[in-house]
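A.B. asks: Each chain, letter by letter, is given below.
Protein chains: 2
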Amino acid sequence: MQKIRSGTLAALALGSIVIPTAVQAAPPRSDAIREAALRDDVAYAFTEGLTTEIGPRPAGTPQEARARDWAVAKLKALGFSNVRAEPYVMPVWLRGRDEAKILSPFPQNLVLAALGNSGSTPEKGIEGEVVYFPSIADLEAAPASALKGKIVFVDHGMKATQDGSSYGYFGAARRQGPSIASKKGAIAILIRSIGTDHHRVPHTGVQMWAEGATPIPAAALSVPDAEQLARIMGRGKPVRVHLTLTSRMLKDQPSGNVIAEIPGSDPAAGIVVAACHLDSWDQGTGAIDDATGCGIAAASALQVAKAGQPRRTIRVLMAGAEEVGGDGARAYFKAHGTEKHALALESDFGADRIWRVDFKLPQGHAALGTRIAQALAPLGVGTGSQPAGGGADIAPLVNAGVPVIDLQQDGTRYFDLHHTPDDTLDKVDPEQLRQNVAAWAVTLDMVANASETLGVN
Amino acid sequence: MQKIRSGTLAALALGSIVIPTAVQAAPPRSDAIREAALRDDVAYAFTEGLTTEIGPRPAGTPQEARARDWAVAKLKALGFSNVRAEPYVMPVWLRGRDEAKILSPFPQNLVLAALGNSGSTPEKGIEGEVVYFPSIADLEAAPASALKGKIVFVDHGMKATQDGSSYGYFGAARRQGPSIASKKGAIAILIRSIGTDHHRVPHTGVQMWAEGATPIPAAALSVPDAEQLARIMGRGKPVRVHLTLTSRMLKDQPSGNVIAEIPGSDPAAGIVVAACHLDSWDQGTGAIDDATGCGIAAASALQVAKAGQPRRTIRVLMAGAEEVGGDGARAYFKAHGTEKHALALESDFGADRIWRVDFKLPQGHAALGTRIAQALAPLGVGTGSQPAGGGADIAPLVNAGVPVIDLQQDGTRYFDLHHTPDDTLDKVDPEQLRQNVAAWAVTLDMVANASETLGVN
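The listed protein sequences correspond, in order, to chains B and H.
Under UniProt numbering, the first residue of the first sequence carries the number 1, and numbering increases by one thereafter.
Under UniProt numbering, the first residue of the second sequence carries the number 1, and numbering increases by one thereafter.
As a list, the in silico EDC-like pairs of lysine to aspartate or glutamate whose alpha-carbon atoms are at most 16 Å apart:
1) K101/B x E53/H
2) K340/B x E261/B
3) K237/B x E53/H
4) K124/H x E99/H
The hints are simulated quantities; they were obtained by calculation from the structure and are not laboratory data.
Start from the sequences and build out the full structure, keeping to the hints where you can.
C.D. replies: Here's what the structure looks like:
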């Protein structure tokens, strides 16, 4: 906007062009916010700072505690109000050594990473014969006699989708595979990484033991290692593997959420929650998962504030412990669930461009959705036909009926990096990150200033 | 060719098409070889077999010995003559644990790999303050007082070139950096990987201690880790690192070359050497470095044989120990240097397409070069204006005056993978590999059958 006004003045000074007053009128607030946000530097600086000065920040560890301190200081410096950490305690699984080698027929090492809550091997490891399953469905269909005393290998190969929807289907190997294998008597399970890259970087991630399943060692092979193991098994000879996955569980470790606000002019109008998560997996520095999400939430709230105080309070929620089960989201809801929440948004799918907006608004509020969709269209954002669902950090709010908007990010390359050592700052595209900030800023602004009645409580 | 003849016979049998005899004439030998080689499956199968059934094969280790046994069996099965391993002994450097963590100001782990011949830390590691150098030139220019007792970090970032020529310039940080740092009193050296990717896969590689340089621990950080360390150092606070790089040296370990021949009809015409190396670095499975090179050499020699016995013997040399200094090439020359070598070629730059041919032929042999260039043109191969130089596996032959041809491969993505854990089978493009086989086959055939007098001895 600044650029156009200067140009107009220069043209007038030259006396060469007469521009009708209507064209020179101040643009609508959304246009101004969008243009300013497309020049945003806060989101990238936040991401750079958190990933550089803290690095990996697993839930319930001292690194996550340092991330909270860092975020509180940063959000205060950025001018937010009511900045504070809200502590809780949680059990913590800690990775030890992750090592595997094929003993026969073709001795060589394999690169892998234990899954969250994996059982631990003894320090000297375990040995076993590997049994192959192309997919989780094959594992489910197999008789226990085929698995007993064996190391299970599930080789299902993930394919990328723009909206990330394939994570549900392919992710079952990680989420349910270990429990199924354990219940059928396997001594360990290896899965092909739930990932779409071809690098020697395994994709970790959480899995929860089902009722009655004894924890066994459980790990993800990098995609090239899974393909190698599959090729070796394809030779038809028995394959024996030595596996060392040491880990331990700690009780009642400190974790916490960080909260920061842009106070609204009308406290009775409810709170708009802009959520992300501060914790990350332990292998990378959590740049796209989810430092960028926190950068987007904070930067877009600030862009709204710069344009003038909103009607509703915007509350940035940087949740703890998202990766391991959502302890932070539950702690937030326990502490704040009775407050009036007008709407919630979450950013937790990287930093590539937003391509679609989905809504779940109260009956009779279609007009608000239309206004937002119109403001997003210049950013190349289409409108979806499915209801918004939110993510883990706002799940308890959404379950309680709080309206939600999803600004859907392009996930085509997200699962190249997700939960790997490769989730580092260099993967963030600053231009696409700014498009996220712009989409978030116009959306947050319209929701925070909507004249409609919104929310529950 | 088989396909065209069958089609023609079928058409004649149907009586539906009359084809002039001239069109049905057998194409020139080079055309036939090129077309057959573009359907080659041997090079890929060789690569797949070696990388799967052996995997990593560091020089002078039992894995390299298994690779020799594997290659001898495979080359015999493929129909080569005079297949044998030729043993020698050599000193061997063996990697131990490679671990590093920043202690302050921002505690976090770094991913790195010791360089070949690195000094070893004690088991418990060492600690030191890091000093930053943007390039090897800055390290050379620095006074010893700036390095003494410190851990040196050289951050020079490699850029890709199609012909790989930037390896000389950027590779100096690995080749000379450790000796310079040691002589100036540094306790260890970290370099940014000599690589062009952005993955958490460090690029190892050999370095030789200069006269008078005491071995110190020396390692390459992955590119994202080097960028992270540079950002952290850019904050201006002292940076302390804990480094554990355990390794050991063994004397007189068994290594060897593997040799296989397509015997020529005229023993007095000299031998054409088609070289590659069988050893690999220890982190990956050495697919592009250099299983594909050996696949190309073997497959192209077989394509020539299929077209009819050549005048000259084609000798495939699968050298040992290329990665660590060329012990195999020297052993070959010691054993065979007095034989008449007509010409040598080497494939050791991945498996992406050949784009240029360079020659170093005897005076008065320009016509042979022209014939080869004409046969390569249909494969999209241009002709260079610089003399060919060969590579490490044939360097002693080339130094002794043996003519050489370089079939230059596209190296744009070679240094994304070179010497990393990521050098695995999935990086090989079968179509580009076949183009290599075709270019090699027509070249080998023309050299082996050239009526000119070639070679030394």
